[in-house]
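Residue numbers (the numbering used here), protein chains in the order written: chain A, 1 to 321; chain B, 322 to 877.
Simulated from the structure, these hints should not be mistaken for laboratory data. Hints may be right or wrong, so weigh each one.
[To be verified] Using C-beta positions, here's what the derived DEER-type ranges look like:
1. 68/A - 405/B: 54 to 60 Å
2. 405/B - 222/A: 43 to 49 Å
3. 830/B - 24/A: 34 to 40 Å
4. 615/B - 95/A: 48 to 54 Å
[To be verified] Counterexamples of contact, computed for chain B against chain A with all Cβ distances above 10 Å:
5. 354
6. 618
7. 702
8. 791
9. 831
We treat Cβ as the ideally placed atom computed from N, Cα and C, and that holds for glycine.
This is what each chain is made of:
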Amino acid sequence: MWLFHKSKYEFIALRRKAYVVSAVVLALGVAGVALNLVRTGTWQNYGVDFTGGVLVQVRFDAETSDSELRQALGGVDAPPITRFGGEDEFVVRAPVGEGSDLDEVAAGVAARIAAAYGDAAFEIVRRESVGKKIGDELESQAVMAVLLSFLLTLLYIAVRFEVRFGVAAIIATAHDVLVTLGMLALFRVEISLPTVAAILTILGYSLNDTIVVFDRIRENLNSRGGRREDPYRLVNRSINETLPRTVLTSGTTLAVLLSLLVLGGAVIRPFTMVLILGVLIGTYSSIFIASPALLEIQKRYGTADPREKERKRAARRAAAV
Amino acid sequence: MLKSFRGRIIVILAVLGVASYYLATRGLKQGLDLQGGMHLVLEIDDPDGNLTSERREALTDQALKILRMRIDAFGVEEPLIQKSGSDRIIVELAGLDDEQRAKDIINRQAYLEWKLVLPTTEVESALARLDRAVVAALGEDSIRKLGAETEVAESGQPSIEDLLFADPGDTVQAEDSAAPAEDEGSAAAEGVAESEEEEEVNMRPFTGLLNRGDTDGKQRQVSYYVDAAQVENALTFMALPEFQRAMPRDVSLQWGVDSLSLGGRFYRELYVLEEDAFLTGDQLQDATAGRDQQFNQPQVLFELNRRGGRAFQQVTRDAIEERIAIVLDGEVVSAPVVRDEIRSRGSIDLGRAQMSEANDLALVLRAGALPAPLRIMEERTVGPSLGQDSIDQGRIAGIAGLVLVVGIMILYYRAAGALAILALAIYLLLVLGGLATLNATLTLPGIAGLILSIGMAVDANVLIFERIREELEARRAPRTAVEEGFGNAFSAIVDANITTLITGLILFQFGTGPVRGFAVTLCIGIVASFFSALYVTRTLFLMYLSGKRGSDPISV
Chain A
1 MWLFHKSKYE FIALRRKAYV VSAVVLALGV AGVALNLVRT GTWQNYGVDF TGGVLVQVRF
61 DAETSDSELR QALGGVDAPP ITRFGGEDEF VVRAPVGEGS DLDEVAAGVA ARIAAAYGDA
121 AFEIVRRESV GKKIGDELES QAVMAVLLSF LLTLLYIAVR FEVRFGVAAI IATAHDVLVT
181 LGMLALFRVE ISLPTVAAIL TILGYSLNDT IVVFDRIREN LNSRGGRRED PYRLVNRSIN
241 ETLPRTVLTS GTTLAVLLSL LVLGGAVIRP FTMVLILGVL IGTYSSIFIA SPALLEIQKR
301 YGTADPREKE RKRAARRAAA V
Chain B
322 MLKSFRGRII VILAVLGVAS YYLATRGLKQ GLDLQGGMHL VLEIDDPDGN LTSERREALT
382 DQALKILRMR IDAFGVEEPL IQKSGSDRII VELAGLDDEQ RAKDIINRQA YLEWKLVLPT
442 TEVESALARL DRAVVAALGE DSIRKLGAET EVAESGQPSI EDLLFADPGD TVQAEDSAAP
502 AEDEGSAAAE GVAESEEEEE VNMRPFTGLL NRGDTDGKQR QVSYYVDAAQ VENALTFMAL
562 PEFQRAMPRD VSLQWGVDSL SLGGRFYREL YVLEEDAFLT GDQLQDATAG RDQQFNQPQV
622 LFELNRRGGR AFQQVTRDAI EERIAIVLDG EVVSAPVVRD EIRSRGSIDL GRAQMSEAND
682 LALVLRAGAL PAPLRIMEER TVGPSLGQDS IDQGRIAGIA GLVLVVGIMI LYYRAAGALA
742 ILALAIYLLL VLGGLATLNA TLTLPGIAGL ILSIGMAVDA NVLIFERIRE ELEARRAPRT
802 AVEEGFGNAF SAIVDANITT LITGLILFQF GTGPVRGFAV TLCIGIVASF FSALYVTRTL
862 FLMYLSGKRG SDPISV
C-alpha cells in the first residue's frame, strides 16, 4: 500500500484560496474574541488557573440535576457549574475576590452542598485553588514561552536552512497558534494549564510537519538543477513528494488522539480536542501556509543564499561576454 | 553473519538493560493527579510588601527547613518539598487521608508565646478614650448602623451576668439599651461611659460590646466576653490605627481561641495581656501530646530549655494565683491560673480538642515556628478515586492507541512495519526507564505527552520507510536502498526532532506542575525516538537484510 504516491496536486496554485480560508477562519476567531470581550470582559474563557479562584469537583452518590445543584449553591448567584462526565459529577468554579481566603471559598462551596444534600451524599474528588497572583504570572509565562520558542526555532532554522525558511516556518506556526486561539475563543473552551500545554504542543507539531516539507525543498534545491527550476514547481513537487508521509503520520497521530478522546476520560478531553484541532491545522498550514510563505518571501526579498547570488552573477557575466 | 552487528546489538541491550534496571528498582512514580494527593504552593505572607527580596528569600529558606522537619514528623511517604524560584515553596504530598490536617500542619505558623494576663483595671482608664477614638475614626453614622444591630440583638436578651451571677427572678433590666454589663459589679469604665450616655447612647461603640469575663485566683477580672455575633465589629474597631494609639502602653487585647457557650449564646473571650511575651516557643526543648489526669482531656506537655526554664520560674514565682496566657499565633489557647512556681515543665490544655489536634500541635512545636506566616498561593487536591479512574481510562486509551498504530504500520509497511513496531516497543521501555532514571512522575498530561511522542517516533520510521520505497522505486538494490533511505531521512528527522525539543525544553523551563510533567515526557520521548529510529530500526533492518541475498526483494 502506498497512498498518495506520485501525486501531482497543484497545491501552490491553490494558495490564494487557502489564504481566503485562513482569513475567514481567523476572522471567525476574532469575532469569537470580540463576542467574549462584550459578554464577559475577557477575550478567552479563562479557567481558575488564570483568573485565580476555586474549582471544586463533586461526585454525588445519586444522580442530580444542574438546577438542583445551582439552587443549593445560591440560585441566581451560584457560581458557574458544569457537568463533568456522567450524570452524578459536577465542577463548580467559584471566583475569589481580592484578598479573600481561598480556603474559605472552597469550604463555603462544600458547606452549601452539604447543607442541601447531606454530608454523606457526595464526595469532593478534586479541588484546585489558585491565587490571583499565580494566575497573572501564568499568563505572562505562557506568552514568554511562545515568543521564546519562536525566537529559538527561528535561529535554529536560519542556521540549518536559510533565514527565509525560518521566517516562513514562524509565519505558519503563528498562524496555527492564532487560529487555535480563535477557535478556543469561539467555542469558549476553558483555558487551563493543560490547554496551554496543548497549544504549545501544536506549536511543536506544526513545526515538525513544516520542517519535513522544508527539508525536501532544501534537498531538491541543492540537487542538480534545483536552483534553476521554477521555484513554484519545485515547492509544489516537494509537497507532493512528502504527501504520503504527511498523510500517514497525521493519520497515526490522529488515531492515537481519537482513542484518547473516546476512551481517555473527561479529565483530558478538552486537552485532546485541542490537540486534534492542532494536528489538522498544523498539517494544513505546512502545505498551504508555510510553503507559499516561503515563495512570497523569495518573490519579494529575493534569496539570501550566497551560492545563488554567485550563480546569478556568473550568469550575468556569461551573458555580457 | 551476526558478527557484523554484534556491537550494535550489545549497545541496544545495554541501554535496554539500564532502562529496565531503573524501571524495576525505582519504579515509575505516579503524579498526584493519578494517585491522588495534594499540591501546595506557598509564599511568605507579606500583604503590604514590606519585605526586601533578600529578606523574603532568607525567610523562605528558613520556612523550608521547618516545613521539612514538620512533614517528616507527620510521616507522609516520599513528600516533595522544594523551593521554586527565589521565594516560593512547593509541597506535594501523595496518598493523604486527611488533607485539612496536613494543610494545618504545613500552614500554621506555630509562634508560641507566654504572656502575663493583666487585670482589666489596666485598660479601664483607657476605655472611654478607646470609644472616643472609634467614634472619631468611623463617624457616628456608621457606628450607629452597627450599634443599632447591637441594640436589636441584645434588647430582651438576658445579659451574661444574669446568667452567671444574678438570681433567676431578676433578669429584666430597666432602661438598658446598649450595655448588658451594667449591673452594680460592672467595671469602672461603665461609669465613665454612663456619664456620656446621657448625650448619646451609641457613643460607646466598643465598651458596649464588652461583658464581664473571667477572673483569676485573686478574684480580679482578667478578660471580657464578647458576643460571637459582635466579634466582627470588635475586630473592625480594634484594627483602627486610632484605636491602637489610644491603647495604654505595654498592654494588648487578645482573643481566646475557643468560643464559649453560655445560656444558649456564644461568646469569645478577650484577654488583657502584657504586650511583651516573657517567653517564646524558641525556648522549647520538647513537646509531647498527652492527657491531663483530672479530666482526661488532650494537652501538650512541654519542656523548656535551661534559659527558658529560668525565665519561667522567675515569672511564675511572682505570679501565684494570677493567670498566664499561652498565645499561639496571636490567639490565647489557654490561660491557666498559676498555683505554684513552675520551672521547665508545663502543659498547654486544649479544652475540647481532639487528641489528634494535641498530637499535631506537639509536632509543629517540636519542629519550631515558621519565621513568618505563610500564605497558600495555589492548591490542587485530587481524591484517590478520581485518580484511579484516570489511571484506568488513560491505560485503556493508551493501549487502544497503540493497537491502532501497530495495525496501521503493519498494514502499510508489512515486514518493515513489524520492525518499526519492535523498535517502538523498545522505545517505550526507554521512555519509561528514562522517566524512572530522572525520578520524574507520570502525570496525566505526561501520558498525553508520551502518546504524542509515540506519534513522533512513528513519524521518524515513516520518513525512513518512505525514503527506502523511493530508492527501491528508482531501481536501487535493496541493501543500497535501505542505506540511502536512512541517509536521506536523517536530516529531516534531526531537524524536526530538535525544533520540537526546543519547544519541550522551553516548556520545561517555564512550566510548573502539569505542564512540566508534559514537557519532561515529551523531551525524554524525543531523545528516545532519535535512538529508536536511527539506531534500533536500522539494526533491525540490517538483521532483516542479513538473512537475504543481495537481490531478494524486501517488504517495506
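Quick check: which numbered hints come out false for this structure? Hint check: 1, 5, 7, 8, 9 fail, others pass.
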